[in-house]
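J.: Going down the list, the sequences are from chains B and F.
Sequence positions in the first sequence follow my numbering and run 9 to 339.
Sequence positions in the second sequence follow my numbering and run 9 to 339.
To be clear, the hints were calculated from the coordinates, so they are not data collected in a lab.
If you're wondering where the values come from, they're calculated on a predicted model, not measured in any experiment.
Be aware that one or more of the hints could be misleading.
Identical chains blur together in the list; that is why a pair holds if it fits in one copy or across any two.
What the hints assert, rightly or not - Listed next, the in silico DMTMM-like pairs over lysine to aspartate or glutamate satisfying Cα-Cα at most 25 Å (straight line): (1) K338 <-> E314; (2) K10 <-> E108; (3) K331 <-> E141; (4) K325 <-> D267.
Listed here are the chains, written in short residue letters.
2 protein chains.
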Amino acid sequence: VKLRDLGEFGLIDRLPTLGVYRHRSEDLLVDIGDDAAVWRMGDEFLVATMDTLVAGVHFLPGVAGWDDIGWKAMAVNISDIAAMGAWPRFALVSLAVPPETAVSDIEQFYEGLYTSAALCGVTVVGGDTVRAETPTITVAVIGRAEAPDGEPLVLRRDTAAVGDVIAVTGKLGDSGAGLLRLKVGVDDQDPLVQAHLRPHPELAMGAGAVVAGITCAIDISDGLVQDLGHICRSSSVGAVVRAVDIPLSDELRVAYPDDALRLACTGGEDYKLILVGPQGRIADLQEGLETADLAVIGEIIKDNYEKRVRVLDDAGKEIRFDKTGWDAFKS
Amino acid sequence: VKLRDLGEFGLIDRLPTLGVYRHRSEDLLVDIGDDAAVWRMGDEFLVATMDTLVAGVHFLPGVAGWDDIGWKAMAVNISDIAAMGAWPRFALVSLAVPPETAVSDIEQFYEGLYTSAALCGVTVVGGDTVRAETPTITVAVIGRAEAPDGEPLVLRRDTAAVGDVIAVTGKLGDSGAGLLRLKVGVDDQDPLVQAHLRPHPELAMGAGAVVAGITCAIDISDGLVQDLGHICRSSSVGAVVRAVDIPLSDELRVAYPDDALRLACTGGEDYKLILVGPQGRIADLQEGLETADLAVIGEIIKDNYEKRVRVLDDAGKEIRFDKTGWDAFKS
Chain B
9 VKLRDLGEFG
19 LIDRLPTLGV
29 YRHRSEDLLV
39 DIGDDAAVWR
49 MGDEFLVATM
59 DTLVAGVHFL
69 PGVAGWDDIG
79 WKAMAVNISD
89 IAAMGAWPRF
99 ALVSLAVPPE
109 TAVSDIEQFY
119 EGLYTSAALC
129 GVTVVGGDTV
139 RAETPTITVA
149 VIGRAEAPDG
159 EPLVLRRDTA
169 AVGDVIAVTG
179 KLGDSGAGLL
189 RLKVGVDDQD
199 PLVQAHLRPH
209 PELAMGAGAV
219 VAGITCAIDI
229 SDGLVQDLGH
239 ICRSSSVGAV
249 VRAVDIPLSD
259 ELRVAYPDDA
269 LRLACTGGED
279 YKLILVGPQG
289 RIADLQEGLE
299 TADLAVIGEI
309 IKDNYEKRVR
319 VLDDAGKEIR
329 FDKTGWDAFK
339 S
Chain F
9 VKLRDLGEFG
19 LIDRLPTLGV
29 YRHRSEDLLV
39 DIGDDAAVWR
49 MGDEFLVATM
59 DTLVAGVHFL
69 PGVAGWDDIG
79 WKAMAVNISD
89 IAAMGAWPRF
99 ALVSLAVPPE
109 TAVSDIEQFY
119 EGLYTSAALC
129 GVTVVGGDTV
139 RAETPTITVA
149 VIGRAEAPDG
159 EPLVLRRDTA
169 AVGDVIAVTG
179 KLGDSGAGLL
189 RLKVGVDDQD
199 PLVQAHLRPH
209 PELAMGAGAV
219 VAGITCAIDI
229 SDGLVQDLGH
239 ICRSSSVGAV
249 VRAVDIPLSD
259 ELRVAYPDDA
269 LRLACTGGED
279 YKLILVGPQG
289 RIADLQEGLE
299 TADLAVIGEI
309 IKDNYEKRVR
319 VLDDAGKEIR
329 FDKTGWDAFK
339 S
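Let the sequences and hints guide you as you build the complete structure.
T.: Here is the structure:
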């Protein structure tokens, strides 16, 4: 069996069954399979995540600038911490590049990365620099969760309950549209392109959700349908989303009138949060916000068998998409 | 300027000057440039490190088995925590591989990695799996330092003092020799090959050194001369090493009689610790050990200008090596 056939999520499902000698600390509270891991260390609750970006797969040198690549490598990891409702503190960075890379490109990369980190209060503390034919970036971010009563308050994927409402923290699809534009050479100051190159992690939204008593969230990296699907499978529920309620930007509607909904549902890399919780708590969070960026788009339903996401049109008919999102190994 | 010309250590020297907007938390105690970073989080002192291994550069699929590759990817990171005198607790793992990789190879990789982690009490808590043409592995390990009086007790690179003695925690050169043997197809049960494929991090030695009041150490990844050189430059001192006192295994002497010293000084990847401290404290540590594995090999001397390592023969004459060790970008 090849990895291509198993797929990324097939592999992740299989990992916990491996390792006869696997050590599992009882201090581990949230394991592989959420946006980030959570564990206890003394009186602190640590939240940690790590993502790898590969040139040609996750970013396009020459199309995106190295400062944008650095920004995004940091921001997508901070977004995982935001999706846990925690605060990021420190980061490790590994950069693998060919020896013939211009030093000025590397400097630009770190400028973008440090800036993205600094805006979120993250200190880069070390890492590694190695030689590789294909530029590859790995960032790990470590943060902390609040634990006012000795138990960490975090947002998980496995706590969605039937009857909960589903909300998103911003407009979707701009990043996917920006990628299309970037590939045809649109100026990188275009707002859609900016949404793709320079995501802003939703730290305040994540932390606010925790305060409002919400316990379930994920960030949109693979795409709304796929990421909400992760919540459904982890929580053993289904989800219905009303297409008309998915927030879309004017720029997206104008640029891709026929494709806006598909980009919003499957484009990915928006790095907004999907929050799932009782209607009253979502409403509490909405009231506490200065902006109207939290939009309710659907509900959690009972679905013991398929545990999947259904996007419905105005007539209540399901809209199907060819590809629901990203899988690292299937093509 | 290309990265090849600047070199890995030139790049590392330049990084702190980058980032107009770089955020530096006052909780950061040991920054980029040591084996691991150390920071305060609440009442805890965290120690964290991250290394990347690239196929064809750091490991050879087909030559080494995937279980060995997994073992080593974990062990070399745990070794960095050992070199700080700290205890590792949790790890994040990122695996980038081609979609046509056999799932059985991936399973072997995780078996080796989980076993190596378990033997050191490390829980693997998450990470990433992505597609890449060249297999690339990144592991981050996070541990904790003891802090009996509210200050973390760690081993650093910048605390060597003139008059300190230099000790190593085991025999050197076996790993370099094992790599040579592996490349010509010697059975992987050969003890030299095993030393290369399955390093054992020196956690007890690192922790013991801290208890003995030693404050300076590094692990041997790049090679004795180069890694001791990192201590010299960080501490602004020089070092003399007596070749005759460098511990060599019988296997190494027999297999490479003419090359044993060179392999011990520049072969790298032994993952023994270099400990530097006052003679009395090194002696205290030696007394506390059940084995005779701690060997004094030299002294720290004043050397304001070159800050370098001199390996001396029986007559006190310096032995020069063509290549002192590893640089990621120079070839």
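J.: Each hint should be assessed against the structure and marked as holding or not.
T.: These are the hints, each one checked on the structure:
| no. | hint | result |
| --- | --- | --- |
| 1 | K338 <-> E314 | within (21 Å within a copy, 54 Å between copies) |
| 2 | K10 <-> E108 | between (33 Å within a copy, 5 Å between copies) |
| 3 | K331 <-> E141 | between (30 Å within a copy, 23 Å between copies) |
| 4 | K325 <-> D267 | within (18 Å within a copy, 75 Å between copies) |
The structure is consistent with each of the numbered hints, conforming to all of them.
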